[in-house]
Amino acid sequence: MVTTVTSFGRSGLSDWLVQRVSAVVMTAYLIFIVGYLLLNSDVSYQQWAGLHSGLPMRMFSLLTMLSVAAHAWIGMWSVLTDYITVRTIGPKATAIRIFFQLGMIAMILVYLLWAIDILWGI
Amino acid sequence: MLDASLESPENFAAIKGWFAHPLCQITIWASLAALAYHVVAGIRHLMMDFGFGEDSFESGLTSARIVVLVSVAMIIFITAWIFLW
Numbered sequence: 001m002v003t004t005v006t007s008f009g010r011s012g013l014s015d016w017l018v019q020r021v022s023a024v025v026m027t028a029y030l031i032f033i034v035g036y037l038l039l040n041s042d043v044s045y046q047q048w049a050g051l052h053s054g055l056p057m058r059m060f061s062l063l064t065m066l067s068v069a070a071h072a073w074i075g076m077w078s079v080l081t082d083y084i085t086v087r088t089i090g091p092k093a094t095a096i097r098i099f100f101q102l103g104m105i106a107m108i109l110v111y112l113l114w115a116i117d118i119l120w121g122i
Numbered sequence: 123m124l125d126a127s128l129e130s131p132e133n134f135a136a137i138k139g140w141f142a143h144p145l146c147q148i149t150i151w152a153s154l155a156a157l158a159y160h161v162v163a164g165i166r167h168l169m170m171d172f173g174f175g176e177d178s179f180e181s182g183l184t185s186a187r188i189v190v191l192v193s194v195a196m197i198i199f200i201t202a203w204i205f206l207w
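Chains as they are written, first to last, in the working numbering: chain A, 1 to 122; chain B, 123 to 207.
For the record, the hints were derived by calculation from the structure and aren't laboratory data. Given the structure is predicted, the values throughout are model-derived calculations rather than measurements. It is possible that some hints are incorrect.
Stated by the list, open to error - Chain A side only, calculated, beta carbon under 10 Å to chain B, not exhaustive:
| # | residue |
| --- | --- |
| 1 | Arg-20 |
| 2 | Met-26 |
| 3 | Leu-30 |
| 4 | Leu-37 |
| 5 | Ser-41 |
| 6 | Val-43 |
| 7 | His-52 |
| 8 | Ser-53 |
| 9 | Ser-61 |
| 10 | Trp-114 |
| 11 | Ala-115 |
| 12 | Asp-117 |
| 13 | Ile-118 |
| 14 | Leu-119 |
| 15 | Gly-121 |
What the hints assert, rightly or not - Pairwise CB distance ranges, derived in the manner of DEER restraints:
| # | chain 1 | residue 1 | chain 2 | residue 2 | range |
| --- | --- | --- | --- | --- | --- |
| 16 | B | Cys-146 | A | Leu-13 | 40 to 46 Å |
| 17 | A | Ile-116 | B | Glu-180 | 45 to 51 Å |
| 18 | B | Trp-203 | A | Lys-92 | 42 to 48 Å |
| 19 | A | Phe-32 | B | Ala-186 | 23 to 29 Å |
| 20 | B | Trp-203 | A | Met-57 | 20 to 26 Å |
| 21 | B | Gly-139 | A | Lys-92 | 45 to 51 Å |
Here a beta-carbon is modelled for each residue, glycine too, at the ideal position from N, C-alpha and C.
Same shape as in the complex, but just chain B (with noise of 0.2 Å):
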C-alpha cells in the first residue's frame, strides 16, 4: 500500500478509494486491534523490566487488567476512526 500510494496521484487515489471497502475495513481494523493490545501489553512488559508493578502477584494482576481496559478503549476509538470517520 505504501508503494502504491507513493508511485502516482492514480495510484494514492486508488488506495484510497480501496479504504472505502468493508473488507479493507475489516483487514485494517483487525490488523491495528491487535497492534494497539500488543503496543499497550508491550508497554506494560517495559514497566515491568525498569521495576513498576512487579513486586506482587497483585500489582501483576492490575497491571493486566489496565491493560485489557486501555486496550478497550483504543479499539473503541480504532473501530470510530476506521468506520465512521
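If we strip away everything but chain A, and leave its shape as in the complex, we get (with noise of 0.2 Å):
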C-alpha cells in the first residue's frame, strides 16, 4: 500500500471520517458567511473588523481553515492517486504524482499559516 504514504490520516476509515466532519463545518461557515453578507450587504470596515476580532469567530475562521486544509488534502489525494498512477499515464506516474502531492501539501499549509497570520493579527 505504497499510495497511502501521501494520504492525510494514514487510513482509510479515518480520512473518510474526517473529510465529512471537515465538510460540516465549512458549510456551517459558509451558511454564516453567506447570510452575514446578504443582512448586511453594505458592511462597514468597523463592522468587518468588529466581526472578525471576537474570539469565537476567531476560532470559528480557524476551524473552518483547518477543515479546508484536511477536506483539500484528502480530496487532492483521492484525485490524484486515482488518475496519475502508472496504468494511466506511464512509468515515471509515481515520481509526477509525488511531485504534485508534495507541492499541494506545501500550499495548504503556507495558505494554513497565512489564515492564522491574518486571524491573529487584527
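Using the hints, build the complex out of the two chains.
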C-alpha cells in the first residue's frame, strides 16, 4: 500500500471521517458568512473588523481553515491517486504524482499559516 | 482579500472597489458557482452515507437530477447577487 504514505490520516477510514466532519464545518461557515453578507450588504470596515476580532469568530474561522486544509489534502490525494497512476500515464507516474502531492501539501500549509497570521493579526 | 480587508479602512475600501470590476466579478462568480455545485453534491453524498436514496439506481438518478436543479437555482441566485445587487 504505497499510496497511503501521502494520505492525510494514514488510514482510509480516518480520512473518510475527517472528509465528512470538515465538510459539515465548512458548510456551516459558508451559510454563516453568506447570511451575514446578505443581511449586511453594505458592511463597513468597523463592522467587518469587529466581526473578525472576537475570539469565537476567530476560532470558527480557524476551524474552517483547518477543515479546508484537511479536506483539500484528502480530496487532492483521492484525485491524484486515481488519475496519476502508472496505468494511466506510464512508468514516471509515481514520481510525477509525488511531486504534485508534495506541492499541494506545501500550498495547503502556506494557506493555513497565512490564515493564522491574518486572523490573529487584526 | 481577507488579509487586506482587515488591515485598514483604506484597504477595505480598495477591496470593495475591486468587486465593481468585471474581471473580479467573473472570477468570484466562477468560484462561487463551482463551490455551490460542490456543496450541493457533497450534501447528497452525506445523505447517501446516512442511507437515504442509495437503495436503487433510480433513486440515485433522481437525487443526481435534484442536485443539478438545486445547483442551477443557486447559481442563478449567485449571478443575481454579484451582477445585479
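Hint Asp-117 of chain A vs chain B: min CB-CB distance below 10 Å?
holds, 8 Å
(request) Grab the minimum C-beta distance from Gly-121 of chain A to chain B and call the hint holds if it beats 10 Å, violated otherwise. (result) This hint holds: Gly-121 of chain A lies near chain B, its Cβ roughly 8 Å from the closest one there, short of 10 Å.
ask   = Given Leu-119 of chain A was flagged as interface, is its beta-carbon under 10 Å from a beta-carbon of chain B?
value = holds, 9 Å
Query raised in the report: Does His-52 of chain A pass the interface check with chain B, least Cβ-Cβ distance below 10 Å?
Result: Where the cut-off is 10 Å and the nearest Cβ of chain B is about 6 Å from His-52 of chain A, the hint holds.
> Holds or violated: is the Cβ of Ser-61 of chain A closer than 10 Å to a Cβ in chain B?
Replying inline: holds, 9 Å
Range first: 23 to 29 Å. Now tell me if the beta carbons of Phe-32 of chain A and Ala-186 of chain B are that far apart. holds, 28 Å
| said: Checking hints one by one. Is Val-43 of chain A an interface residue toward chain B, by the C-beta closer than 10 Å rule? | reply: Nearest chain B Cβ about 9 Å off; hint holds.
- Minimum beta-carbon distance criterion (10 Å), Ile-118 of chain A to chain B: Constraint on Ile-118 of chain A satisfied, holds at 5 Å.
### Query
Is the interface hint for Trp-114 of chain A satisfied, with its Cβ closer than 10 Å to some Cβ of chain B?
For Trp-114 of chain A, the interface hint holds, since the closest Cβ of chain B sits about 7 Å away, which is under 10 Å.
Evaluation of the interface hint that places Arg-20 of chain A against chain B, nearest CB under 10 Å | Holds, about 6 Å.
Quiz item: How does the Cβ-Cβ distance of Ile-116 of chain A and Glu-180 of chain B compare with 45 to 51 Å: does it lie in that range?
Solution: The hint (45 to 51 Å, Cβ to Cβ) holds, given that Ile-116 of chain A and Glu-180 of chain B are roughly 47 Å apart.
Query - C-beta pair Gly-139 of chain B, Lys-92 of chain A: status relative to the range 45 to 51 Å that was hinted - result: Hint holds: Cβ distance 46 Å, inside 45 to 51 Å.
Comparing the model with each earlier hint shows no violations; every hint is respected.
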